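Chains as they are written, first to last, in numbering that gives the first Met the number 0: chain X, 0 to 352; chain W, 0 to 352.
No lab work stands behind these hints, which were simulated from the structure alone. Fair warning: there could be bad hints in the mix.
Intra- or inter-copy, both count: the list cannot distinguish identical chains.
To be verified - In silico BS3-like cross-links for lysine-lysine, where the CA-CA straight-line distance does not exceed 27 angstroms:
id	residue 1	residue 2
1	Lys101	Lys311
2	Lys101	Lys28
3	Lys313	Lys101
4	Lys316	Lys18
5	Lys118	Lys101
Just so we're clear, the structure is a prediction, and the values are computed from it rather than from any experiment.
There are 2 protein chains.
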Amino acid sequence: MTNTHAIVIDKVKESKIAKTDFDNLTFGKTFTDHMLECTWRDGEWQSVEIKPYGPIEVEPSCKVFHYGQAIFEGMKAFKDATGDVFLFRPEDNWQRFNASAKRLAMPEVPEEIFMEGLKKLVALDKDWVRYGEGLSLYLRPFMISSENGVAAAPSTEYKFMIIMSPAFAYYKGDVRVIIASEFSRAADGGVGYAKAAGNYAASFYPNNLAIQEGYQQVIWTDAASHEYLEEAGTMNIFVRIGDSLFTAPHNDRILNGVTRRSVIQMAKDHGIHVEERRISVNEIREAAKDGSLKEIFGSGTAAVIVPIKGFKHKDFKYELPQLDDSYASRLKEALKDIQYNRAEDKHGWRVKI
Amino acid sequence: MTNTHAIVIDKVKESKIAKTDFDNLTFGKTFTDHMLECTWRDGEWQSVEIKPYGPIEVEPSCKVFHYGQAIFEGMKAFKDATGDVFLFRPEDNWQRFNASAKRLAMPEVPEEIFMEGLKKLVALDKDWVRYGEGLSLYLRPFMISSENGVAAAPSTEYKFMIIMSPAFAYYKGDVRVIIASEFSRAADGGVGYAKAAGNYAASFYPNNLAIQEGYQQVIWTDAASHEYLEEAGTMNIFVRIGDSLFTAPHNDRILNGVTRRSVIQMAKDHGIHVEERRISVNEIREAAKDGSLKEIFGSGTAAVIVPIKGFKHKDFKYELPQLDDSYASRLKEALKDIQYNRAEDKHGWRVKI
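From just these sequences and the hints, can you work out the full model?
Written out as structure tokens, the structure is:
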């Protein structure tokens, strides 16, 4: 094929949208009319196809089932009051997608396939992006190895796909966390910084143990000492001690979240002292005891900004104070104002479809 | 369904075996006539189906593509001179499969499904097990999450499958390895001990770097210090210093290989002093310098026993001596004698189909 990567579009005969009950959605269960698919074979990306969302046929020997080369991104499209649709920092997701691809020995996806494909797909299904508080279209670009065969080696064939699911603001209930002291999410020199499917599978069992104890999530700590906070698997973590905000520096164990980077920038814009530095569990426990621990919150594309109500570390339990003007709520409002085109976009984060 | 898990068999109309060129097989590319499939849904295993090997249909939102819950086992069936077919320590694989399942928050597979299903499947396709030096049928039981949906949580549905591929003895060429000093395979408190698909995906990029330098594999070291040997991803590692044999103790980072355990037992049977203990890279480099480092070899189901010809660690390179009567060749012959029913099976490792 040529390098222009022409996009072939095959539209659905009849949209599912009229039959979709937008008031009763389960997160990630309903998909829009179309999806994007592009195959990497013989060392290059083949034609880009946008076609009706539907099943794919794979052999049981398909390498992704056996050796787990699978990466993804989570993004959202937002609609403003006038009906215009925007992506939020999509270049950041594309760059991280390719960083994940490299670490998992998968081919990088060129910008014209990822970005032009995404824009065309969102434009085609733009009626699925609803306007309203907390509403968005969740975008899921992902790549899987698709060669058939069980030899333990990188695949010679891959599929890049984008699927999209209407999302809503929902009250998740209070979130309390266990700070990990036994299990780990990532190793130094490993793949923790990549959005690799296997990282999530590895977190489910310890997370289930936390749920059984009445907690909703795990904040991971470093595997070597379990003394320093890392992230929460689907969220980066911010800690407010006194009036300062801290988050762990990103490294090869910690995902460099797009929402994380936005929170850091917005905190600076609001005159909040914010630092990327190691945060020890001991420091948090001491700050809890002397009353200087004001807030802990998570940040992520799906979760947006989620205040943590309480935590447990070994035998130490703590309930965070309820603040009238928390950094979490202030920054969440500021983020939504940018995403929904209600505020000036001084960092150039919005991309209009 | 009832607890008896009746196995439903749908045979192929015409076998592919006559069209299969057994003299020109690529490892893991050719599959037998039948496969086994069993779905876990609504909290229980549904009916067990043995049916023609062929593609399955899955939605692009299938959770295995996004969150990587996928585990497997590697096993082999052997044929003896009289045409009888044997499995090798299959109970060990079943138990490890369920240990992997537990760590990945997946349902355990009952013995009657795994073992009876496997035996029926091998019996049905027993003509695909060829008799001859190094020939075997490679068995691949695996499980994937199969719920549709992109919410980051354990799947509510799983597929357990077994596929089988005729395998042969092949000369892999000399194997030289890089001992890792930067990248890691597994974290303390992580999933390194499980046969999780994501562990393999994580190893491909560093392994590709080794290949680019002219080496074939990586021997992983501990992520915390990179000072102690772990395993080689598809093989456990044995080191012979003087007349003693050492292998790293299994822990939550290192797979407890069935071939590894067999090698340890056979070494004891042969009066070889064998120890499971930590082996530092420094110890190996010192032993190389003073000449006491006699052998390094890998052990695994697919690889059997593979002598390592040389290694590199940082700027230190070493070529192992060529021994006339190496432990590797002695133990490999002993292992094959048991597997092919040419020697007494005093530990009860063979299971006749």
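Hints versus structure:
1. Lys101 <-> Lys311: between (36 angstroms within a copy, 24 angstroms between copies)
2. Lys101 <-> Lys28: Only across copies: Lys101 and Lys28 sit 25 angstroms apart there, 29 angstroms inside one copy, limit 27 angstroms.
3. Lys313 <-> Lys101: Classified as between; 23 angstroms across copies, 37 angstroms inside a copy.
4. Lys316 <-> Lys18: neither (47 angstroms within a copy, 66 angstroms between copies)
5. Lys118 <-> Lys101: Only inside one copy: Lys118 and Lys101 sit 24 angstroms apart there, 41 angstroms across copies, limit 27 angstroms.
Violated hints amount to a single one, hint 4; each of the other numbered hints is respected by the structure.
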